[in-house]
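Peer 1: Protein chains in written order, with this note's numbering: chain A, 1 to 574; chain B, 1 to 574.
These are calculated hints, taken from the structure and not from any lab test.
Check the hints yourself; a few may be wrong.
You can't tell identical chains apart in this list, so a pair holds if it fits in one copy or across any two.
No more than 30 angstroms apart at the CA atoms, straight line, and that leaves these computed lysine-lysine pairs for DSS-like [what the hints assert, rightly or not]:
1. K338 with K293
2. K205 with K494
3. K214 with K433
4. K293 with K121
5. K121 with K433
6. K338 with K13
Here's the letter readout for the chains.
There are 2 protein chains.
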Amino acid sequence: MLKQYFPILQWRKNYNKNTFNSDMIAAIIVTIMLIPQSLAYALLAGLPAQVGLYASILPLIAYSIFGSSSTLSVGPVAVISLMTAAAISSLGLESIADNVLAASVLALFSGIILLLMGLLKLGLLANLLSHPVISGFITAAGIIIAASQLQHLLGISTTGHNLYEILSSVLAQLETINVITLAMGLLALGLLWWVRRFLCQYLLKLGLNQSLAKNLAKAGPVLVIIITLLISYLLNLESLDVAVVGFIPTGLPALSMPEFDPDIIQPLISSAVLISIVGFVESVSVAQTLAAKRRERISPDQELIGLGVSNVASAFSGSFPVTGGFSRSVVNFDAGAKSPAAGAFAALGIALAALFLTPLIYFLPKASLAATIIIAVLSIIDFAVIKRTWQYSKPDFSAMLATIIMTLIAGIELGIISGVSLSILLYLYRTSKPHCAEVGLLEGSEHFRNTERHSVSTCPSILTLRIDESLYFANARYLEDKVYDLVARSPNIKHFILMCPAVNFIDASALESLEAINERLIDSHVTFHLSEVKGPVMDRLECSHFIEQLSGEIYMSQFDAWQALSTITAKSDR
Amino acid sequence: MLKQYFPILQWRKNYNKNTFNSDMIAAIIVTIMLIPQSLAYALLAGLPAQVGLYASILPLIAYSIFGSSSTLSVGPVAVISLMTAAAISSLGLESIADNVLAASVLALFSGIILLLMGLLKLGLLANLLSHPVISGFITAAGIIIAASQLQHLLGISTTGHNLYEILSSVLAQLETINVITLAMGLLALGLLWWVRRFLCQYLLKLGLNQSLAKNLAKAGPVLVIIITLLISYLLNLESLDVAVVGFIPTGLPALSMPEFDPDIIQPLISSAVLISIVGFVESVSVAQTLAAKRRERISPDQELIGLGVSNVASAFSGSFPVTGGFSRSVVNFDAGAKSPAAGAFAALGIALAALFLTPLIYFLPKASLAATIIIAVLSIIDFAVIKRTWQYSKPDFSAMLATIIMTLIAGIELGIISGVSLSILLYLYRTSKPHCAEVGLLEGSEHFRNTERHSVSTCPSILTLRIDESLYFANARYLEDKVYDLVARSPNIKHFILMCPAVNFIDASALESLEAINERLIDSHVTFHLSEVKGPVMDRLECSHFIEQLSGEIYMSQFDAWQALSTITAKSDR
């Protein structure tokens, strides 16, 4: 029981010097990567830079105790930071301190929601987000994030949470661009792009071995940060109005439960629900992908608990919502992390950075951090999947497109809500007009096939309809209409058989429709039969009065029905 | 084309003296029934009594031109009147005139929405309302309506739109009850109950023939109205503070497009959508039930147009939303209405009443009208269906219960929204954990059956999983988990076959899961095959790269797969 909720009790038993060494190396690489990312995502969320560091200490330790993935790296991520920014700014708070407080309240709510979902085993709520909706959302959110960083590249200050608002805010200020900031931003972008594309190859040419070159290349972005930091320091760019990170208080966060005004509970709750579900889906997909590569299993319900505790820890650190991030988890995995302890070690690294490193990054241009974010999010935008979805399925494509368009023009929360609603409605629509076929006997066999596709024998007094979908409220009326139409067009039939090999359940609405069909057919002097009803469906039907009322029989197989009814007909025809 | 949108062009051809006579008799009976109902429902909607008469003139004529049902009787109905009251009162308007204007704007919006749904063929949106949700909603709405009429029986004035608010408002005023009003109300209730239960039997005993007795009994409530009206007049109850209907302006409504403040558009739109859908569902169920009894067909999309034009006509008459009502349509049907012309004749009857009859009902106690409403709604409350649903299906029951509870405690709009959302979520949940079975060959046949239920032969190197549900976003992850678990537990297998006889489609999310399964099985040196893939599903798969990537084959039948793979295994085993 205890082990179920504390995975650490499992893996600590096999912990040894080898695992420790692997974890330590991975932790160092992840720490180097996490420092600029944490600062950048705090800025994206509209919060002071140090808050990003705080979000990367306690939450990582909490996850290493409660999380079920050995390689997931928890912390601030781009999409969740953007959602945080949107949620906080809707409150219209004035001071920075109030915004930080609101962000930590959001983390607290999100943590509590995730914990509740975990305890109630509601991990499957994440199933409501289809792949096309998720990838559409991530693409659109990536575009908005990149657009929102333009202000830092251009040295201006924009507002807005959808593409139109952001871009028009940028256009209105084009005359006040700071050219030196832009130059630094472009330099950082160019260097980051080069690092991502060519650093690994370059290191290999220098004669380094494969894995060392790969790991060094992963830490490349830090090199870019250091280069731009040095340029900024040496040329004293701050005196030329280039925005720099500036003074960051040294030290660790004071731990306390965020105290808040009850008035902000209601507006933050729905944002917290969305942040929880989106964060969980992102995190669990990363965790499952990585676990699969090592033949490991993660437990989605335990992941909810791990992420829930991490967010509560973030709230107590006065920081903002966190989740498992894609790029840093991949780095952690590639660098050889063997257990969740790697995350705890990385947390120690960040804590050291918060204690000693912050004075050194005073001169870091915000444009460099913006460039880091832009390169990171552009890599998650995937246009190929849009094309593939278009080719495979138009309904899925339309759900994806609705998500992208609504996210870009109406903001991220409405975007994801419309995508989910549309994909559910399209699924209901799909099942509301199920495939049906009139079937006949394939000569010399016991199989029944579609009369329109195969040469089959039919009997003039029997009409058999095979329905290829479970019967429920959305298609109950369709079934009634279909049966009435068929019977009206076949005045000579005496038996109507509904063949149900693909009917996995019949809900109360569909049962009422079957009862209505039965009564209607009795009035038309047609006997109503069912065939090939599955066991669980039959069990349910026995709890109703339908079987007593049914004018005909329920046959195990369609062939049984055929033999029984075509004989009777033959006799009565004599 | 024209005939499609104007059903009148069809039926007028066969119109003759017989049809005219039948329609005329039905119209007279319906008119007598409609007068008190129209007044009562206007009061229920919180509007002056004459507005109810206006809602029963032009809308009926409009429906007789555009409607597709020959017996549906359109006009004010209980549930829609209650929804109108809730929508208008949320605007917090002061004057009666403003409330009437808001009600007609609501009718206008509702008419436009219905027309748009009809032109876009969106009648199937009504399928989202499952039977348990509808009957739960009607039961709960009936209870609220009955509770809201207590004020008129007790001679007090209550507020509130949910059961708790209404009852606590009643309890707070228990000391100010008007005893004479209560006595009149109880008298009316008792008489109405007697009429409903015993009048027909009594008339039969008097020697009247069956059909005359039945029709007279239907008009019985009017007798009760007349009796209480006479008592009120003779004893001058108005002077004893008994609320009476009072002065009703004589004459027909002035026709005009309602002019309104743009500020009320937004709050009324969502109410108009709900009123449209609920009204449409109620109306179409009645129309279909009655049409079925006469072997007629109605067209749901044309019904949308008929109801849409009726509501626009109601708006232009300065009245409130209308729809097809259950009790009066049954009366119309039983009285022998043969064509929609019966509705137009009833409209003439109501118009005459509005012109000449209103001064006569000055002294009618409002308590009599309240008693009419209470008796009408109590007859639509159906507790038996609640019990039946509980026995047949717990998920359906829980959706019904949620609708009832939410309607009673949170009001009718939230009630129906929660019911619909819950029934959709429960359906998704049901299909998110589809039934799966490991199958083997039934000896001496070509059939494959569940290994746990039947004695079947299996092959140690082949594992076949039959999945009994379409594959889509909500169950894609479940499928992956299921396959990985099975394969992990069977280390010796070389072939994994997914048998898809009940898979009616595979969406983009499920396709990605199949691709993931394929890759994962390749890594585990297991070949992945599909069998019994249906034609339409196969057509879709051919638009993707899945078939190229698939490590194994796609077999027409599971028996083919078995023969091919068990042979190969046998050879390689040698």
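Peer 1: For which of the previously enumerated hints does the structure constitute a violation, in increasing order of number?
Peer 2: 2 and 3
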